[in-house]
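Asks: What follows is the residue order along each chain.
There are 2 protein chains.
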Amino acid sequence: MRKCVVLLSGGLDSTTALAIAKSEGFEPYALTVLYGQRHEVEVEAARRVGVALAVSDHKFVTVGLRQFGGSSLTSEVDVPKDRTAHDLTEGIPSTYVPARNTILLALALAYAETIGAFDIVIGVNTQDYSGYPDCRPEFVEAFENLANLATRAGSQGAQFLIHTPLSNMSKVEIIGKGMELGVDFGMTHSCYDPDESGHPCGRCDACLIRQRAFAELGMKDPATVDG
Amino acid sequence: MRKCVVLLSGGLDSTTALAIAKSEGFEPYALTVLYGQRHEVEVEAARRVGVALAVSDHKFVTVGLRQFGGSSLTSEVDVPKDRTAHDLTEGIPSTYVPARNTILLALALAYAETIGAFDIVIGVNTQDYSGYPDCRPEFVEAFENLANLATRAGSQGAQFLIHTPLSNMSKVEIIGKGMELGVDFGMTHSCYDPDESGHPCGRCDACLIRQRAFAELGMKDPATVDG
Chain A
1 MRKCVVLLSG GLDSTTALAI AKSEGFEPYA LTVLYGQRHE VEVEAARRVG VALAVSDHKF
61 VTVGLRQFGG SSLTSEVDVP KDRTAHDLTE GIPSTYVPAR NTILLALALA YAETIGAFDI
121 VIGVNTQDYS GYPDCRPEFV EAFENLANLA TRAGSQGAQF LIHTPLSNMS KVEIIGKGME
181 LGVDFGMTHS CYDPDESGHP CGRCDACLIR QRAFAELGMK DPATVDG
Chain B
228 MRKCVVLLSG GLDSTTALAI AKSEGFEPYA LTVLYGQRHE VEVEAARRVG VALAVSDHKF
288 VTVGLRQFGG SSLTSEVDVP KDRTAHDLTE GIPSTYVPAR NTILLALALA YAETIGAFDI
348 VIGVNTQDYS GYPDCRPEFV EAFENLANLA TRAGSQGAQF LIHTPLSNMS KVEIIGKGME
408 LGVDFGMTHS CYDPDESGHP CGRCDACLIR QRAFAELGMK DPATVDG
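Top to bottom, those sequences are chains A and B.
Residue numbers for the first sequence follow our numbering, beginning at 1 and rising by one.
Residue numbers for the second sequence follow our numbering, beginning at 228 and rising by one.
The hints are simulated quantities; they were obtained by calculation from the structure and are not laboratory data.
Please read these numbers as outputs of a predicted model, since none were measured by experiment.
Even for Gly, the Cβ is constructed at its ideal location relative to N, Cα and C.
Coverage of chain B stretches by chain A, computed from C-beta distances (three or more under 8 angstroms per stretch; other residues unrestricted):
1) 290-299
2) 314-325
3) 338-347
4) 365-371
5) 376-386
Here chain A stands alone, though its shape is the one from the complex:
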């Protein structure tokens, strides 16, 4: 089996991306990056998903992005709440973390090179947040090009591939695909601003996008049932 490194936040997207990678025959190694936005509940969600989907190994790496701030996820700025579906498509939200996906992919590349993997899976998609620059296909292509120049393996002829299995899927399609693959979304966590006991706020962009997608499917978000 061909190894791959999956960037796993424990949210809905990265969990589905992991399930897809498994269904395609990859042996998954999970990487969860704790960059200063993380609440313990999110780390636990990532850990649960890793166990449930039987990853071969799971690394948790801390990066102190709170040093820089510049995002409502890594500073004391409030995350936006109660935005309409239209608001969500407007511009780049304050939850944008400068260079986040570049940092996540750089760490995944380091992990991949140390375990002899050449495939990296990231659950970015362009439909929900068309504004995030580091979710665009041209960004992903540029990183792939970089990866082959940046590494010992690449300089010796290996070809790294960055897989974005969700790139053109809507949230509804992602949920549908995940359910088809047997994912229990009750174990995932997406909220940007959970309360102290870890319950999702239900009002941030991440919560609203989930709720609206599950509602469109005639379902209630299983992560919010029984808290």
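With the hints as your guide, set chain B onto chain A.
Replies: Chain B in isolation, oriented as in the chain A frame:
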């Protein structure tokens, strides 16, 4: 003055790169990345250099690369000692850290975007370690291309530039340039394997390259005088 972010390890190269950026009229912001190889003595060297060269701000960011290992700098593998000048030009040494410069530049990019800087300075050079893939000009160009796609600023038309002022300089030329700019190399630290009190081992690649360069200039390495 135009702000720049300088990746500052506290070694001879990054210190000279910082001095050059200042001499070119940049207002420098220093970033020291603690990626698991760092001894307290190295952090202190970076801090001293930042103070001596009057950087406008100095961030220290920790990244847990020991999670991955894969390098004699981030694992318990011994760093090579007593290698000849010829050995040093052969292949990629065990001190290569997978994806290191990609990670360093990604973090510098995050810092730059949060402070509104578009210039990043990294002290890579191709002469001493021709083997390190992530010191090559084509790597740096690929990162520059990536930076403009990865960021809010780049997607809105800003142009990030990665400066490698040392790229074609030998260690002797770097020391000469640093001295011309008034750098006190006694405050820098390059050793991969200092003893518990912080003294350089004198036998690792980093020490040997320094010693040989100072010897070629008819000098003793000021960092080793009086310990």
